[in-house]
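**Q** Here's the letter readout for the chains.
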Amino acid sequence: MECENGKRAFLQGSEACVEAALTAGCRFFAGYPISPANEIAEHMAARLPKVGGIFLQMEDELASIGAVVGASWCGVKAMTATSGPGFSLMQETIGWAFMTETPCVIVDVQRVGPGTGQATKCAQGDVMQARWGTHGDYMAVSLCPNSVQEVFELTIRAFNLAEKYRTPVTLLTDETTVHLREHLVIPPLENMEIVNRKKPKAGEQIFFGLESVAPMPSIGEGFNVAVTGSTHDERGFRFTADPVVHRRVVEAINNKIRKNLDDIVEVESYNVEDCKVGVVAYGITSRAIYEAVEEAEKRGVKVGYVRLKTLWPFPEKSVQRLAENAEKIIVPEMNLGQIVNEVKRVAGCTEVVPLNKIGGGELITPEEILEKILKEAP
Amino acid sequence: MGERTFSPINYLRPGLRFPFCPGCGLYALSDAFLRAVFELGYDDFRRFCFVSGIGCSSWIPSPYYLADSVHTLHGRSIPVATSIKLLKPELHVVVFGGDGDIVGIGMGHFIHAARRNTDILVIMGNNMIYGMTGGQVAPTTPLKTRTTTTPYGSFEHPLDAARLAAMAGANYSARWTTAHSKELKECFKKALQMDGFRFVEVVTQCPTAYGRRAGFKDIGEMLRWFRKNAVLVAEAGKIGEEELEGKIVVGEFIHRRRLTLVESVYAVLKEAQKDV
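Sequence lines, in order, name chains A and B. In this text, residue positions in the first sequence follow this note's numbering: the first is 13, and each later residue adds one. In this text, residue positions in the second sequence follow this note's numbering: the first is 59, and each later residue adds one.
No wet-lab data here; the hints were simulated from the structure. Where is the CB? At the ideal position from N, CA and C, for every residue including glycine. One thing to keep in mind: the hints can contain errors.
[Said to hold, decoys possible] Short derived list, chain B residues pointing at chain A, Cβ under 8 Å: (1) Pro137; (2) Met165; (3) Thr203; (4) Thr207.
[Claimed, not checked] Simulated crosslink set (PhoX-like; lysine-lysine; CA at most 25 Å straight-line): (5) A:Lys62 / B:Lys332; (6) A:Lys176 / A:Lys210; (7) A:Lys62 / B:Lys328.
Based on the provided sequences and hints, a complete structural model is requested.
**A** Structure follows, in structure tokens:
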């Protein structure tokens, strides 16, 4: 499926993800078969070679993400797509990518877990894994689309943020969103912002550990770059026992994200200033809030919502503002309560009410959210 | 043009020193490799990229070689090297790793890279032990050897990595020891001039974590053990399995020309773009 820029297209979420990745400049993909993420790899296998990119099916997820990081160090935008079990297997290398400041995009199509769970059914159980899946201190960046249009937009944004901040970015989607077929409008290429990484000038030797994001050389350019996931100084030389060097590099890779929240965090919000009941939702579940809010308003309940397009870093400011106005906040999730704890963390005295549903890929319906709003409304 | 003379300094980062224990075989391994690179006419590493995993052998290029080097995770060097070679086919992509790294935790990648005939040279320093972590039993430890995790002697059969690479599809696979420096250098030269998956296993002495516990008095005794027990591949075929127990089979296990991954992938690109 190819689509022209500036045109309407009717695509599956997976296809939109692939087309967006190619638009963003992705020219390398490595993956391993897993439901429900297979369509992304299959579209990539067909599309990438046509634009001169390389597609590889590797022997496992560890190899897939490893190849992605290697590709990125060759100056090529690179991506993989997987689901919960594969995402778990990739975590060590994702940590390595944080430490080596390697731009790359990981699409996690969430399915029901834990374990093999329900391989073809929708869920939102990988939320905390996307934040804390690998060991150590780091700032995860995860984007969470709720439509085919947004899969397209946030895939491009994922590449842009990865390149700008030299960090892995997760597109945290789910079985239903990538299998939806919807119309989307692909903006003309000239209206799209495509970010490319900052490159060093000849003779430069500082490639790591700057809050301002160090320039990234590619292999084969004569920079003699030393890349390591062990604690390293600005040149990439290992210091595996020095506390000062460790603090410096790890604080820098955290601060380069933490100090740019306004640039990274995106939400869609509605009626935040004038509501009694608030809803915080994300991903596929957030599609049900529009109708629920409309119906609640018809019944005289003032409802506002914050929809988290950026899941990590957590949009604290937006949720805090909602909490300042709403008397209660409802958090619908297709898990047994993950983001609800983040909401509680920033909600102060405002009561936070979870609405959970798991198993079988059954989505949370507008009726269920409406019922909860009416029950909790003061 | 003056006569070229070999100096390792030309290939090493100024101001850094190898961190290996006195008597470690990795000095000899690196020396043979650098001499091979020199004798092939390369005065620097501009046309090389090094990828390594975790372990002592993985520290040879990173960051000590004055080159692009990617120091990956334990066992994951080969997939990283795979994409680098495909995207930078003009470079020699050389993987350094130990036996635990390449054929312990990284075994899956090793077999698949050989099967794909991925155009990389994998150099495995086989010290028959997990040296960096203090001397635990490895998949390459000879039967009945005492290690920190086999205090009663190891009770598993060791792996024949060089033979495995040949069977899995490599273009080239060879094994030598640090007591065979000339053969090793020539073997590196040959491998560097080939395409496809090339594997060189270097049986190397680890006096600290292996020799000490396995009952060797000094490094000389370990090197003499390598020499004395080395059997050429051609000879090994004539000896019974029982007699080969404890021997080190050295030489070339395979040397052939199969379609390589770089050739296949670039053929696909050409095919896909025919009608574009």
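**Q** Please go over all the hints and tell whether each is borne out by the structure.
**A** Hint-by-hint comparison with the structure:
1. Pro137: This interface hint holds because 4 Å falls under the 8 Å limit.
2. Met165: violated, 10 Å
3. Thr203: Hint violated; Thr203 (chain B) Cβ to chain A Cβ min 29 Å, cut 8 Å.
4. Thr207: Given a least distance of 23 Å, the restraint on Thr207 (chain B) is violated.
5. A:Lys62 / B:Lys332: Holds, because 9 Å separates the two Cα atoms, which is no more than 25 Å.
6. A:Lys176 / A:Lys210: Judged against 25 Å, a Cα distance of about 7 Å means the pair holds.
7. A:Lys62 / B:Lys328: Holds: Lys62 (chain A) and Lys328 (chain B) sit about 9 Å apart, inside 25 Å.
Violation of the numbered hints given earlier is confined to hints 2, 3 and 4; the remaining hints are satisfied by the structure.
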